[in-house]
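So the sequence lines, in the order shown, correspond to chains A and B.
Be aware that the first sequence starts at 114, since it is given in this note's numbering, and climbs by one per residue.
Be aware that the second sequence starts at 25, since it is given in this note's numbering, and climbs by one per residue.
Quick caveat, the hints were computed from the structure, so don't treat them as lab data.
Any given hint could turn out to be false.
What the hints assert, rightly or not - Ranges of calculated distance between the beta carbons of each label pair, as one might list FRET restraints:
| # | chain 1 | residue 1 | chain 2 | residue 2 | range |
| --- | --- | --- | --- | --- | --- |
| 1 | A | TYR163 | B | GLY62 | 29 to 37 Å |
| 2 | B | SER38 | A | ALA168 | 26 to 34 Å |
| 3 | B | SER80 | A | ARG178 | 43 to 51 Å |
| 4 | A | TYR163 | B | ALA152 | 50 to 58 Å |
| 5 | B | THR48 | A | ARG164 | 42 to 50 Å |
| 6 | A | ALA327 | B | GLN195 | 33 to 41 Å |
Stated by the list, open to error - Among chain A residues calculated to face chain B with C-beta under 7 Å, some are:
| # | residue |
| --- | --- |
| 7 | SER195 |
| 8 | ALA228 |
| 9 | THR232 |
| 10 | ALA236 |
| 11 | SER239 |
| 12 | LEU240 |
| 13 | VAL252 |
| 14 | PRO254 |
Cβ coordinates follow ideal geometry from the N, Cα and C atoms, glycine included.
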Amino acid sequence: MHYTFHWLPAFRALPDMLWGALVTLEIAVLSMLLGVFFAVLLAVAGGSQYRVLRAAASTWVELARNTPALFQIYMAYFGLGSLGIHLDSFPALLAGITFNNAGYLAETFRGGLRAVPPTQIRAARSLGMGQIQAFRLIVLPQMFRVVFYPMTNQMVWAILMTSLGVIVGLNNDLTGVTQELNVRSFRTFEYFALAAVIYYLLAKFVTLSARLMAWRLFRY
Amino acid sequence: MSILIDDVHKSFGSLEVIKGVTMTVEKGEVVSVIGGSGSGKSTLLMCINGLEPINSGRILVDGTDVHARGTDLNKLRRKIGIVFQQWNAFPHLTVLENVMLAPRKVLGKSKAEAQAVAVEKLTHVGLAEKLNVYPSKLSGGQQQRMAIARALAMSPDYMLFDEVTSALDPQLVGEVLDTMRLLSKEGMTMIVVTHEIAFAREVSDRVAFFHKGRIHEIGPPSQVIGNPQQPETVAFLKSVL
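Required output: the full structure, derived from the provided sequences and hints.
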């Protein structure tokens, strides 16, 4: 038995796949923005004096970090559906990845916060800065450096996790488009190899631009 | 214009570190505070600018009660500069930015104004050549002088020094003391917590000897260091000199 490669149809489909890649990137970026927002809330809640808040934050973080991302996305789509909350594929995938991102990033932020010595705040306050000012001008920039690379990793993860959208019926992201092409032609290897190359390039693009940004931002 | 400390008590949990301290520092005066580790000297400085709350007594800075409920500490701290043992440079900012930050963000000065002040103060402490360098590239002594310039850029009326040479290599101590010597000559009001007895003797108008949370002896250096009256002072000086 042998298989004859037909690359031409795959290359013809490249524009469609690139449009799919754009959707992939869109979901990843949105899930990161939302993830950062919730991660900050989780990090704050995790250090709160109220037990309910601490427990809620820790449950979120534990579930996000210790269960498969696939299940988290499933829960957003079918799980919420059985509770009467029906999300479309796109928002369900976005919710699932956001949940995952927020869990991981909350831990990253907590670590980053702890990496800035309290004497820095003391020095800032002694110069007459208010609490918020000291946090914004002194703590946040230093914390940002600590969390920058873990955030980059999470962004790459987010891009790769979007491929799980196919299980909740998403058909216009890179994996979704590829899968549609596949079922029409059964050129599985060619289409998915090409898709893999695009994922690889997306991931590389993120890490390389992060490195460039870090070089510009962190001169100290 | 003075700092008035009136029967201040301060505890950390069940440990009372300041047990009723009373002293006054007049405008233009340099008062050194000496004493063993854990005698409450550094804590007193933190209480003066409100970084640490007190348990009883009061501290008045130019008549303002530091620990009163309605006191705007951020505003009060503008006129009290403090330099710490661990210099606490802001690592993400250049030397110039370190010094410019508070004048800009706290006093609301324009960038040009803040920069002019920062350059002046940094030149004053001998760091004119290091303006655009990050603190990690400076020696401990240079970082400490930068911290002094950073406090001075707020044009404070008082300067508090908390064992500013204790964490420095011996060969770097001199340059920091020189900077403080300069300030004292210019008439800056200073409270200097220090282990440098010779320095305290040279620059101070008065020296206070702290022991176990109390001032055991206070007076001109010729008395407290030159001719101590209390047995505790004698024992301490014998142990450090």
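Hint by hint, here is what the structure shows:
1. Between TYR163/A and GLY62/B the C-beta distance comes to about 36 Å, which sits within the given range of 29 to 37 Å.
2. The hinted window of 26 to 34 Å between SER38/B and ALA168/A holds, with their beta carbons roughly 31 Å apart.
3. About 48 Å separates the C-beta atoms of SER80/B and ARG178/A, a value consistent with the hinted range of 43 to 51 Å.
4. Checking the proposed 50 to 58 Å range against TYR163/A and ALA152/B shows it holds: the Cβ atoms sit about 51 Å from each other.
5. One distance hint, 42 to 50 Å for the beta-carbon pair THR48/B and ARG164/A, holds here, with the actual separation near 47 Å.
6. Between ALA327/A and GLN195/B the Cβ separation comes to about 36 Å, which falls inside the hinted range of 33 to 41 Å.
7. The closest approach between the C-beta of SER195/A and any C-beta of chain B is roughly 49 Å, which is over the 7 Å cut-off, so the hint fails.
8. Residue-level restraint check for ALA228/A is violated (minimum Cβ-Cβ distance to chain B is 11 Å; threshold 7 Å).
9. Checking THR232/A against chain B by beta carbon gives a least distance of about 5 Å; that is within 7 Å, so the hint holds.
10. Restraint check, ALA236/A versus chain B: the minimum CB separation of about 4 Å is within 7 Å; hint holds.
11. The interface hint given for SER239/A holds, since its Cβ lies 5 Å from the closest Cβ of chain B, which is under the 7 Å cut-off.
12. With a least beta-carbon distance of about 4 Å to chain B, the hint placing LEU240/A at the interface is held under the 7 Å criterion.
13. Proximity of VAL252/A to chain B is violated relative to the hint, the smallest CB-CB distance being about 10 Å (cut-off 7 Å).
14. Given the 7 Å rule on beta carbons, the hint for PRO254/A holds: about 5 Å separates it from the nearest Cβ of chain B.
In summary, the numbered hints that this structure violates are 7, 8, 13.
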